[in-house]
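Q: Model the full assembly from the supplied sequences, consistent with the hints where possible.
Residue numbers (the numbering used here), protein chains in the order written: chain V, 1 to 212; chain X, 1 to 101.
None of these hints come from the bench; they were simulated from the model.
This one's a predicted model, so the numbers in the text were calculated from it and none came from an experiment.
The beta-carbon is built from N, C-alpha and C at its ideal position, and this holds for glycine as well.
Relax, there's no trap hidden among the hints.
Within a straight-line C-alpha distance of at most 30 angstroms, the following computed DSS-like cross-link-like pairs (lysine-lysine) qualify:
{"id": "1", "chain 1": "V", "residue 1": "K93", "chain 2": "X", "residue 2": "K66"}
{"id": "2", "chain 1": "V", "residue 1": "K93", "chain 2": "X", "residue 2": "K92"}
{"id": "3", "chain 1": "V", "residue 1": "K8", "chain 2": "X", "residue 2": "K63"}
{"id": "4", "chain 1": "V", "residue 1": "K8", "chain 2": "X", "residue 2": "K69"}
{"id": "5", "chain 1": "X", "residue 1": "K71", "chain 2": "X", "residue 2": "K46"}
{"id": "6", "chain 1": "X", "residue 1": "K63", "chain 2": "V", "residue 2": "K75"}
{"id": "7", "chain 1": "V", "residue 1": "K75", "chain 2": "X", "residue 2": "K46"}
{"id": "8", "chain 1": "V", "residue 1": "K93", "chain 2": "X", "residue 2": "K69"}
{"id": "9", "chain 1": "V", "residue 1": "K75", "chain 2": "X", "residue 2": "K71"}
{"id": "10", "chain 1": "X", "residue 1": "K92", "chain 2": "V", "residue 2": "K95"}
{"id": "11", "chain 1": "V", "residue 1": "K95", "chain 2": "V", "residue 2": "K8"}
{"id": "12", "chain 1": "X", "residue 1": "K63", "chain 2": "V", "residue 2": "K93"}
{"id": "13", "chain 1": "X", "residue 1": "K69", "chain 2": "X", "residue 2": "K46"}
{"id": "14", "chain 1": "X", "residue 1": "K92", "chain 2": "V", "residue 2": "K8"}
{"id": "15", "chain 1": "V", "residue 1": "K8", "chain 2": "X", "residue 2": "K66"}
{"id": "16", "chain 1": "V", "residue 1": "K98", "chain 2": "V", "residue 2": "K75"}
{"id": "17", "chain 1": "X", "residue 1": "K69", "chain 2": "V", "residue 2": "K75"}
{"id": "18", "chain 1": "V", "residue 1": "K8", "chain 2": "X", "residue 2": "K55"}
Which chain X residues stay away from chain V? Per the calculated CB distances, all over 12 angstroms, these:
{"id": "19", "residue": "S9"}
{"id": "20", "residue": "D12"}
{"id": "21", "residue": "L14"}
{"id": "22", "residue": "T85"}
{"id": "23", "residue": "A86"}
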Amino acid sequence: MKNELDEKQLRARQYWYVDGTYEFNMAGIFLLLTGYFLLLAKFEGTKFGAFLSVIMVLVFLGGIFGVSWLIRQLKNRVTFPRTGYVAYQRENKEKRKKRLVWVGGFSGILSVLIIMAINNASTPLNWIPGFTGAMMAIASIIFGVRMRIVRFYWIAALSMVIGLATMIIPTDLTIGLAIYYGVMGMIMLVIGGFVLSTYLRSTTPPEESDHE
Amino acid sequence: MSDDIRSISNVDRLLHEPSRTIIVAILYAVESADFLYLQREAGLTKGNLSAHLSKLESAGYVKIEKTYKGKIPLTLCQLTEEGRTAFEEYRKQLQSFIDNV
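A: Put into structure tokens, the structure is as follows:
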């Protein structure tokens, strides 16, 4: 009985990830960053390029909020009418602040390093895509352990491999990051598509009268 | 009567019913869930789920709000503070009984 209750509670927590929208969310953010880094590479050394590197934190945070909004719309139209609506307890203010500091801090450090790379071409910064891949891998593993969802381990492994591979490719830092985010974005789209199609095949939309 | 038997006989009878325990366990893990989700996860018919929810609502364990999401009617169920405390207590009692047996 106790195990069954734990299982039901775990399933309720996993429900957010049942339809692949989390992967689409990440894919959206990654592809946005790909476009950003490609633009940065194109305008490197110009005033516009300098401006772009300064606003990286804003692009990152704006991307998170924008894509999350789109995903919520998708859930409202596809998932909730099909298998039901669940709202999760909001993190307390302290936790949210902590998360914002982590995300802001990470993208802040990344933008400082990029500015350094632009201003000092002799500084070797090839390790940044590898570092980004490792950070993403650690985050995915933590998620996988907390939610007990196996595919997060695969995402972690792929992120690690792609990050290391991008590190080895002899290219500019911005292009390296664009490659990392681009490949990861495409992988997330494929995984999200697979999860969504599995979800759609395994569930049937209820009759109109099934909504109490 | 031994302490073990007394402890199990003291459990909340309203929660000590498999379907209601599952409903409350699910609601404990989230902020709120709708009727459709609970029905699917608890594996109950509409009538059964309605009856259990009514009992839980009467006891003040569950708050039910009927609303709309777009054009679709939505029955949102949420565990009250009282319901949360009762479930925590129920699990503790159950655990202590299992530990002692």
